[in-house]
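There are 2 protein chains.
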Amino acid sequence: MGEETIRYEPAKRQSQLADLAYMCAEVRGVAQIAESLEPDEVVDLINQYLAFLIGILRRHGATLDRFTGDSIRAFWGAPESREDDYLRAVKCALALQAELPQFNRLVSPGGQHKVELAIALHAGEAVAGSLGWETSFNFTVVGEVLAVATHLGEKTRPGQTLITSPIHRKLKDQLKLHLLPFVELRGRSGPIAVFLLQGLAK
Amino acid sequence: MGEETIRYEPAKRQSQLADLAYMCAEVRGVAQIAESLEPDEVVDLINQYLAFLIGILRRHGATLDRFTGDSIRAFWGAPESREDDYLRAVKCALALQAELPQFNRLVSPGGQHKVELAIALHAGEAVAGSLGWETSFNFTVVGEVLAVATHLGEKTRPGQTLITSPIHRKLKDQLKLHLLPFVELRGRSGPIAVFLLQGLAK
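In the order they appear, the protein sequences are chains X and H.
Heads up: the first sequence at position 41 corresponds to 41 in our numbering, and the numbers run straight through without jumps.
Heads up: the second sequence at position 36 corresponds to 36 in our numbering, and the numbers run straight through without jumps.
Derived by calculation from the structure, the hints in this document are not laboratory data.
Worth double-checking, as some hints may not be accurate.
Which copy? The list can't say, so a pair holds if one copy fits it or any two copies do.
Said to hold, decoys possible - In silico SDA-like links for lysine to any residue, alpha-carbon gap of 25 Å or less: (1) K114 <-> L17; (2) K155 <-> P79; (3) K155 <-> R186; (4) K155 <-> Q32; (5) K176 <-> A193; (6) K114 <-> E144; (7) K155 <-> G187; (8) K176 <-> S108; (9) K155 <-> H113.
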């Protein structure tokens, strides 16, 4: 896996219907950190985490959708589409989970400011385009794919990566997965199948 | 209320502990719009809504936190603090709800692409500072205030504006409110008091 430039694209681009893998990575533990530190220390620490996590997304060819103090969203499949977009997303999730504990130890050797990631991956067709206002435009995604990934992210436990059926269908022979009980998501009429990602298949 | 510049601040600023009114405005109906239009039409329509809504936030002195295709978040109280920050937030919510139907009729005279707003307002102390990575920094908020507003936003019905106890305590004599049943929010240990905002007191 070579170095790739993250595609954070404020300029106005052509809108497109794309087959996307969408990642919602919730950073858990930030509020607890915020309670115990001075404002400058909180912001510096979160910025260290963001830089670290976004560096991993960059290595895996993600298009960064948005980040906040406690979540990062990214997708694969727009503005360019690649054959292995879904697999890149999965490998990125595994790398995020695998590398975060080392980073926690580095920035907080005593373990008092540990954060964890709850990652949800979903995939499907969505409209991608530049949304915004005046001079502030982000290349982002509209539609169901984003909503399902977001709502599944809310149900994901710290340290877990959950994937849904579209990714399972495409990659099941390449992944080590564990089928979980069906999950009800807000805004959806029925429960959906969810798999715990345990790694790549040997 | 005069014209004011919206404070969308990408540059790195001093972090601060601030008493904030935080607004989570979910735009409902976007996914349905996305299903029935071409990608370029979806993006253009959403950008029209965003420009309209952000224009109202600007008039009310909001600091824009972030926007996506289906939500806008903003706060009052940082980087500058004003005596009437909470009231400004409430008046902004009333204006958003009051003006949106007119805008819906303008962009979609047949009513086929109507969006609605579900607005949650919460208030309290939070760390505000520039979060980001490399050249992408946003002046934003970390902590419980944001989480409560976000989770309450999820429970808010289209067309409703809900407020919480800190705003009620400060403004109850100036607002027309209706106490709703207590609400359980994810990540909170107990139910919280929630009020439906019906307008300003006569």
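Evaluation of the provided hints:
1. K114 <-> L17: Answer is between: at 22 Å across copies they meet the 25 Å cutoff, but 39 Å inside does not.
2. K155 <-> P79: The answer is neither: 29 Å in one copy and 33 Å across copies each exceed 25 Å.
3. K155 <-> R186: For K155 and R186, both the intra-copy (10 Å) and inter-copy (10 Å) Cα distances are at most 25 Å.
4. K155 <-> Q32: This pair counts as both: shortest intra-copy Cα distance 19 Å, inter-copy 24 Å.
5. K176 <-> A193: Within one copy, since 16 Å is at most 25 Å while 44 Å is not.
6. K114 <-> E144: Between. Shortest inter-copy distance 17 Å satisfies the 25 Å Cα cut-off; intra-copy 32 Å does not.
7. K155 <-> G187: Both: 14 Å inside a chain and 11 Å across chains, each within 25 Å.
8. K176 <-> S108: neither (31 Å within a copy, 48 Å between copies)
9. K155 <-> H113: For K155 and H113, only the intra-copy Cα distance (23 Å) is at most 25 Å; the inter-copy one is 31 Å.
Checked against the numbered hints above, the structure violates hints 2, 8; every other hint is satisfied.
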